[in-house]
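Visitor: Could you use the hints to bring the two separately framed chains together as a complex?
Residue-level listing of the chains:
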Amino acid sequence: MRAMNREIRQLVGIPAEEIMGFAKANGLPYELALEVRTLGRLPVVNFAAGGIATPADAALMMQLGCDGVFVGSGIFKSSDPVRRARAIVKATAYFNDPEKLLEVSMDLGEPMPGLDVANMPGEERLAGRGW
Amino acid sequence: MPAAAGSGSVGVLDLQGGVQEHLDHLRRLGVPGRPVKRAAELEGLAGLIVPGGESTCLSRLLTIFDLREPIEQAYRGGLKLWGTCAGAILLARENLGETPYFGLIDIAVSRNAFGSQLDSFNRAALVPAVAREPVPLTFIRAPKIVRVGSGVRVLLQLDDYIAAAEDERILVTVFHPELTPSLAFHRYFARKCGLNPAGTDDAGLDPDWTPLSWTCFSSHA
Numbered sequence: 001m002r003a004m005n006r007e008i009r010q011l012v013g014i015p016a017e018e019i020m021g022f023a024k025a026n027g028l029p030y031e032l033a034l035e036v037r038t039l040g041r042l043p044v045v046n047f048a049a050g051g052i053a054t055p056a057d058a059a060l061m062m063q064l065g066c067d068g069v070f071v072g073s074g075i076f077k078s079s080d081p082v083r084r085a086r087a088i089v090k091a092t093a094y095f096n097d098p099e100k101l102l103e104v105s106m107d108l109g110e111p112m113p114g115l116d117v118a119n120m121p122g123e124e125r126l127a128g129r130g131w
Numbered sequence: 132m133p134a135a136a137g138s139g140s141v142g143v144l145d146l147q148g149g150v151q152e153h154l155d156h157l158r159r160l161g162v163p164g165r166p167v168k169r170a171a172e173l174e175g176l177a178g179l180i181v182p183g184g185e186s187t188c189l190s191r192l193l194t195i196f197d198l199r200e201p202i203e204q205a206y207r208g209g210l211k212l213w214g215t216c217a218g219a220i221l222l223a224r225e226n227l228g229e230t231p232y233f234g235l236i237d238i239a240v241s242r243n244a245f246g247s248q249l250d251s252f253n254r255a256a257l258v259p260a261v262a263r264e265p266v267p268l269t270f271i272r273a274p275k276i277v278r279v280g281s282g283v284r285v286l287l288q289l290d291d292y293i294a295a296a297e298d299e300r301i302l303v304t305v306f307h308p309e310l311t312p313s314l315a316f317h318r319y320f321a322r323k324c325g326l327n328p329a330g331t332d333d334a335g336l337d338p339d340w341t342p343l344s345w346t347c348f349s350s351h352a
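Chains as they are written, first to last, in my numbering: chain A, 1 to 131; chain B, 132 to 352.
Simulated from the structure, these hints should not be mistaken for laboratory data.
Wrong hints could be hidden among the right ones.
Have a look at the derived ranges for each label pair, beta carbon to beta carbon [unchecked claim]:
hint, chain 1, residue 1, chain 2, residue 2, range
1, A, F70, B, E264, 12 to 22 Å
2, A, E124, B, E203, 51 to 61 Å
3, B, F252, A, P121, 46 to 56 Å
4, A, S79, B, A256, 27 to 37 Å
5, A, L32, B, A256, 32 to 42 Å
6, A, E18, B, F252, 38 to 48 Å
7, A, S105, B, G161, 36 to 46 Å
8, B, P163, A, M1, 45 to 55 Å
9, B, P265, A, D107, 20 to 30 Å
10, B, P166, A, S73, 24 to 34 Å
Some chain B residues well away from chain A (every beta-carbon gap over 10 Å; in silico) [claimed, not checked]:
hint, residue
11, P163
12, K168
13, A170
14, Y206
15, Y232
16, A256
17, V285
18, P312
19, K323
20, G325
21, G330
22, D339
23, T346
As the structure is a computational prediction, the values presented were derived from the model and not from experiment.
Every residue, glycine too, gets a C-beta built ideally from N, C-alpha and C.
Next comes chain B alone, as it looks inside the complex (with noise of 0.2 Å):
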């Protein structure tokens, strides 16, 4: 059964890369987040962010730590999806040059489409689905998207490739919301899942947050 509207809580996948750095912005919206690493965990969930990390890393450990039917199932059952960066990747039905994983979203993607690491980058762009002020935005070894399915809306389409894109039910973000001060994506995210998070619809700029807030969440902090 689908929550209700501003119930439930939205999950991290957490077996590798950008886990914290979800919760914190989560947290910071002041919507009810917890990471996961067992089936179990997904129960009651509205929402499930896929974060970013190195996709084949990520695509093994969810074969080995038996969560990949799981998620399907849980998908299947209504829950929403977010994949950032190496997430989008795993979720895309095509994947040029290798297997897919997950295949739940139409679109195709192509890994490490910019280049080498030192082709990383930082810029800003308006996505009006999102914010009605540009967002900031970081790509870090990022995919493309380079093509979506009819059943799939394009939210950021720059130069040539498609950066943001979703579905009823997937949201895909090639770059890196978490390690922004922008809350906007979550929000947005979160407001797909059904829940009510704070905040209006600019670009949801925390001034609290820094590079390091996500160590509130380690462990031993």
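In isolation and in its complexed conformation, chain A is listed as follows (with noise of 0.2 Å):
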């Protein structure tokens, strides 16, 4: 998602002649980079997936500037779901609320287990962001 801002901000800062240039090193069709460019966003909603196992991790993608979240495992593969869920929920409507995020974060009970990307050998990494 940060990957994603960075290229559409450079996108909009851009010259107009150099816009082609953008187009053609990212692979897409010039007059999506016209349209990204003038909204300053994608034109479809975009909802983040994959690893979101905390009502933060789901404020933390609002707040990137995602249109939602879809969580699957980080609900039904904590010890909790029901609670999780409804937490989940209600960060990513207050995704702006530091108060409302830290009460609905509480007695949550154990989050999905997940692995350490720092422990993880870089063959098997999706990417090479974050930390």
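Guide: Okay, here's the thing in structure tokens:
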């Protein structure tokens, strides 16, 4: 999401004569590049999915500009799915309200167990982004 | 106390559904609009739009987010309400075969009355109370209003169903004016709220509107 935002900002900032080059370099139709440049975002709703395990994860993706989140395993592989689902719904709606986020993040039990990206061999990583 | 003419804003219930589309239409009319996620945000509003979306989802969120009672209370205090599509279902007193939610306007609705998503459609119609020219209408898995009580005025009857109706304080439309270039219904609702929106009584077609206009209200644009 950060990479996408960076590239959209880049597209918005470049002079008009460079749009064609940008479109070519990114394998993107020229008309779509123009549209994204005008809107300053994707022309479709963008949902985050994959790896969202906590209310804070959901709020982070919303703060980064997603229009919504899809959560599957993050709920069903946690120790208390009902409570966690409720908390993630609230965190998505109140993503800009730190007090609400703190409140909904309390007493949720164990989250979905995850893998630490730092311990994963390079060839098993989907992308080199993140920390 | 009711808002003085020309002051006050219109809120759009911001839990799910066509929120940004409604905010964009209000902006085009020069009507101050704001998203409403919390009970405190109902303060000072002249009207509230309950947008289209999915009515079961919206009803559950209204309950989980503790907004049901505050909205009912604001309504008793003079807040005007407009339900589009799912919003109309939530405001109806009777929801055929299901449990009504707010039940504030004496109409009966039938959910998904046109069929599946494939049966969604556009058409145009003259709604004399709202505009002197026909306005475009977009029906998306729309409900039908199948009965209105004696205190409810029918604004638009089509074929075998009622598509728009109102009482003193509530407007209901089973279609989505926020998904068309026409500002006429938003203008009508703003006037119902005692505000002074821009425009006369034409179809209110905004040539600058596009199906992507709402994106200017997305959090990151």
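Visitor: Compare the structure with each hint and give your call.
Guide: Each hint tested on the structure:
As the Cβ distance of A:F70 to B:E264 is approximately 42 Å, the hint placing it in 12 to 22 Å is violated. Range check, A:E124 to B:E203: Cβ separation about 54 Å, and the 51 to 61 Å hint holds. At roughly 54 Å, the beta-carbon separation of B:F252 and A:P121 lies within the given 46 to 56 Å, and the hint holds. Restraint check, A:S79 to B:A256: a C-beta distance of roughly 54 Å breaks the suggested window 27 to 37 Å.
The hinted range of 32 to 42 Å is satisfied by A:L32 and B:A256, whose Cβ atoms lie roughly 35 Å apart. A hinted range of 38 to 48 Å holds for the C-beta pair A:E18 and B:F252, which are about 43 Å apart. For A:S105 paired with B:G161, a C-beta distance near 40 Å keeps the hint of 36 to 46 Å intact. At about 31 Å, the CB distance of B:P163 to A:M1 disagrees with the hint of 45 to 55 Å.
Range check, B:P265 to A:D107: about 56 Å between beta-carbon atoms, so the 20 to 30 Å window is missed. The hinted window of 24 to 34 Å between B:P166 and A:S73 holds, with their beta carbons roughly 31 Å apart. B:P163, annotated as away from the interface, keeps every beta carbon of chain A farther than 10 Å; the closest lies near 20 Å. Against the 10 Å criterion, B:K168 falls within the reach of chain A, whose nearest CB is about 6 Å from its own CB.
Non-interface status of B:A170 relative to chain A is upheld: no Cβ of that chain comes within 10 Å, the nearest being about 13 Å off. Non-interface call for B:Y206 relative to chain A: holds, since the shortest CB-CB distance, roughly 22 Å, exceeds 10 Å. At roughly 18 Å, the least C-beta separation between B:Y232 and chain A is larger than 10 Å, which holds for a residue marked as non-interface. A cut-off of 10 Å between C-beta atoms confirms that B:A256 is not in contact with chain A; the least separation is 29 Å.
For B:V285, the shortest C-beta to C-beta distance to chain A comes to about 35 Å, beyond the 10 Å cut-off, and the non-interface label holds. Distance check for B:P312 against chain A: the nearest CB is about 17 Å away, which clears 10 Å, and the non-interface claim stands. Every CB of chain A lies more than 10 Å from the CB of B:K323, the least distance being 28 Å, so the non-interface label holds. Listed as outside the interface, B:G325 is consistent with that label: its C-beta sits roughly 30 Å from the nearest C-beta of chain A, beyond the 10 Å cut-off.
With a least CB separation of 26 Å from chain A, B:G330 remains clear of the 10 Å interface cut-off, as annotated. The beta carbon of B:D339 is kept farther than 10 Å from every beta carbon of chain A, the shortest such distance being approximately 12 Å. B:T346, annotated as away from the interface, has a beta carbon of chain A within 10 Å; the closest lies near 5 Å.
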